[in-house]
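2 protein chains.
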Amino acid sequence: MQLIDGKAIADQVKQEIAAEVAEIVAKGGKQPHLAVIIVGHDGGSETYVASKVKSCQQVGFKSTHLAFEDTITEVELLAEVEKLNNNPDVDGFIVQLPLPKHINEEKVIEAIDYRKDVDGFHPINVGRTSIGLPSFVSATPAGIMELIKRYKIETSGKHCVVIGRSNIVGKPISGLMIQKGYPGDATVTVCHSRTKNLQEICLQADIIIAAIGVPNFVKGSMVKDGAVVIDVGTTRVPSTETKSGFRLCGDVDFKEVSPKCSYITPVPGGVGPMTIVSLLKNTLLAGKKEIFK
Amino acid sequence: MQLIDGKAIADQVKQEIAAEVAEIVAKGGKQPHLAVIIVGHDGGSETYVASKVKSCQQVGFKSTHLAFEDTITEVELLAEVEKLNNNPDVDGFIVQLPLPKHINEEKVIEAIDYRKDVDGFHPINVGRTSIGLPSFVSATPAGIMELIKRYKIETSGKHCVVIGRSNIVGKPISGLMIQKGYPGDATVTVCHSRTKNLQEICLQADIIIAAIGVPNFVKGSMVKDGAVVIDVGTTRVPSTETKSGFRLCGDVDFKEVSPKCSYITPVPGGVGPMTIVSLLKNTLLAGKKEIFK
Numbered sequence: 001m002q003l004i005d006g007k008a009i010a011d012q013v014k015q016e017i018a019a020e021v022a023e024i025v026a027k028g029g030k031q032p033h034l035a036v037i038i039v040g041h042d043g044g045s046e047t048y049v050a051s052k053v054k055s056c057q058q059v060g061f062k063s064t065h066l067a068f069e070d071t072i073t074e075v076e077l078l079a080e081v082e083k084l085n086n087n088p089d090v091d092g093f094i095v096q097l098p099l100p101k102h103i104n105e106e107k108v109i110e111a112i113d114y115r116k117d118v119d120g121f122h123p124i125n126v127g128r129t130s131i132g133l134p135s136f137v138s139a140t141p142a143g144i145m146e147l148i149k150r151y152k153i154e155t156s157g158k159h160c161v162v163i164g165r166s167n168i169v170g171k172p173i174s175g176l177m178i179q180k181g182y183p184g185d186a187t188v189t190v191c192h193s194r195t196k197n198l199q200e201i202c203l204q205a206d207i208i209i210a211a212i213g214v215p216n217f218v219k220g221s222m223v224k225d226g227a228v229v230i231d232v233g234t235t236r237v238p239s240t241e242t243k244s245g246f247r248l249c250g251d252v253d254f255k256e257v258s259p260k261c262s263y264i265t266p267v268p269g270g271v272g273p274m275t276i277v278s279l280l281k282n283t284l285l286a287g288k289k290e291i292f293k
Numbered sequence: 001m002q003l004i005d006g007k008a009i010a011d012q013v014k015q016e017i018a019a020e021v022a023e024i025v026a027k028g029g030k031q032p033h034l035a036v037i038i039v040g041h042d043g044g045s046e047t048y049v050a051s052k053v054k055s056c057q058q059v060g061f062k063s064t065h066l067a068f069e070d071t072i073t074e075v076e077l078l079a080e081v082e083k084l085n086n087n088p089d090v091d092g093f094i095v096q097l098p099l100p101k102h103i104n105e106e107k108v109i110e111a112i113d114y115r116k117d118v119d120g121f122h123p124i125n126v127g128r129t130s131i132g133l134p135s136f137v138s139a140t141p142a143g144i145m146e147l148i149k150r151y152k153i154e155t156s157g158k159h160c161v162v163i164g165r166s167n168i169v170g171k172p173i174s175g176l177m178i179q180k181g182y183p184g185d186a187t188v189t190v191c192h193s194r195t196k197n198l199q200e201i202c203l204q205a206d207i208i209i210a211a212i213g214v215p216n217f218v219k220g221s222m223v224k225d226g227a228v229v230i231d232v233g234t235t236r237v238p239s240t241e242t243k244s245g246f247r248l249c250g251d252v253d254f255k256e257v258s259p260k261c262s263y264i265t266p267v268p269g270g271v272g273p274m275t276i277v278s279l280l281k282n283t284l285l286a287g288k289k290e291i292f293k
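For the protein sequence lines, the chains are G and D, in the order given.
Each residue of the first sequence is one higher than the last, beginning at 1 in this note's numbering.
Each residue of the second sequence is one higher than the last, beginning at 1 in this note's numbering.
Bound conformation, chain G alone:
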């Protein structure tokens, strides 16, 4: 069993990005600039955003952190989005989700200029990813694809079982795994809460991608020997062992499953660190105008 070290790969990719930014700036080019909008004080969101801003500094990006109270109206938030759309210095930006209930998330996402949509959530980017056109691929699926590439995991003709059909992981990663070329060309099965014979299907999988948000859902009895297991789950569960009082728990029962795997991602330190790195990569692409002119 080989552990997929997402932290190490993320550090490596960050170094590559930092080197490229240094080169761009040395040649008199523009420093990539990511803006992040956060609304309210959700603990998880604030941690993520702080981490994103810190990562920007690490790779030499300019970053703007815009925090609003959860009393902001939808109209006001849409005006802030419009300002960033029109700010030529901002290459890409994201609106951290979730938003307060009185704001329509989809409306906000669709208001973002798709050429600056580095989260890849705008329908144009979702559609272009599906069709196979250049696009901003959303961060978590892009991070998974990068891990598969860096570990040279074979995907062509492999049976990949995706557990979960969310818009941000299950659906896009399924689309990427069936696309032509590497990493892709996999036979993909998408399972979810309505799937009846989940164990039977999982036992056929050469690659399992678990993205349901249910701690320890994938058991050893569901995994065949030699499978590759990618765990996207990051549920916070109470813990007496950490200062914060919680720890991150994956969708895979690591103790039971890991001995059977050829490769497996741990939680934390697997897919998680790659997510922010994918956002940085998209911002670099936005700065270089590589996806959209």
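Hint data in this document are derived by calculation from the structure and do not stem from the laboratory.
Worth double-checking, as some hints may not be accurate.
If chains are identical, the list can't say which one is meant, so a pair holds when it fits in one copy or spans any two.
When the alpha-carbon atoms are kept at most 27 angstroms apart in a straight line, the in silico DSSO-like pairs for lysine-lysine are as follows [stated by the list, open to error]:
| # | residue 1 | residue 2 |
| --- | --- | --- |
| 1 | Lys196 | Lys224 |
| 2 | Lys180 | Lys219 |
| 3 | Lys255 | Lys243 |
| 4 | Lys196 | Lys152 |
| 5 | Lys219 | Lys107 |
| 6 | Lys107 | Lys180 |
| 7 | Lys196 | Lys149 |
| 8 | Lys107 | Lys293 |
With the hints as your guide, set chain D onto chain G.
Just chain D, lined up with the frame of chain G:
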């Protein structure tokens, strides 16, 4: 075995559309208007377009048929698209594919105002369909979903195997079959040319949707008893029995497969007639501004 009579369902849906159009017009509303652009003289395309225009007349739509020689430049064609985008009388329009090699199809599709994109090929509609937002769903997958609905075929928790990963059928139908609600909630496996154990996977299918364009590809040995088989293939093969000198052949070996099925679509007369009907439905929705204001 019950035959899914796409012709009969298509006629029924056309009558429903015609009744609705008559009611709209009787109330002083606007007659829905579909425009079709065709470039060159591809035999298949000319037949399809003629059939689309005729169907418009049957349901009481206004239709505009714009035919250009294949000497038209990309710039000229884009200008025609722009004219239709700006014509307030045209509710929806399509550019019949394929286009001549000197014209970038994707560029033309993306130039269509997504609010008039009744073929559902624009990335915004592809993305919105994937996310589960209101959208113009492309005609063939929409037609398949309609057949499933009209025949009240159970899909929740069923294993649906899609053979083919094309942008116009395989990918979108997979996305629709995993969506929440009915028809949907299926466990979906997407197979394609790189799939290794196709027979084994197909034998698990409660529903097979074949969309690869290889005549008689799905054999009796690949289908379990009681399966539902939807045949999207419409390859023209030479025939001495028809005046035209060819006949349409599906992806399913009907003689071998049909005795094992609970339901099966014939070719012709299955999915084919539903495709045009879905285009008419999208045009009606466009006329009523039901998807986009």
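My question is about Lys107 and Lys293: at a cut-off of 27 angstroms on alpha-carbon distance, are they close within one copy, between copies, both, or neither?
both (24 angstroms within a copy, 14 angstroms between copies)
Up to 27 angstroms CA-CA - Lys149 versus Lys196, copy category
Between copies only: 21 angstroms across chains, 32 angstroms inside a chain, cut-off 27 angstroms.
I want to check one pair: Lys196 and Lys152. Are their C-alpha atoms no more than 27 angstroms apart within a copy, between two copies, both, or neither?
between (32 angstroms within a copy, 20 angstroms between copies)
Is it within a copy, between copies, both, or neither that the alpha carbon of Lys180 lies no farther than 27 angstroms from that of Lys219?
Between copies only: 25 angstroms across chains, 31 angstroms inside a chain, cut-off 27 angstroms.
For Lys219 vs Lys107, is the C-alpha pair at or below 27 angstroms within one copy, between two copies, both, or neither?
neither (39 angstroms within a copy, 47 angstroms between copies)
Homo-oligomer pair classification [Lys224, Lys196; C-alpha up to 27 angstroms]:
This pair counts as both: shortest intra-copy Cα distance 19 angstroms, inter-copy 17 angstroms.
Under a CA distance limit of 27 angstroms, which applies to Lys255 and Lys243: within one copy, between copies, both, or neither?
within (23 angstroms within a copy, 68 angstroms between copies)
Could you place Lys107 and Lys180 in one of the four classes (within, between, both, neither) given a Cα distance threshold of 27 angstroms?
between (32 angstroms within a copy, 21 angstroms between copies)
The structure fails hint 5 only (numbered hints given earlier).
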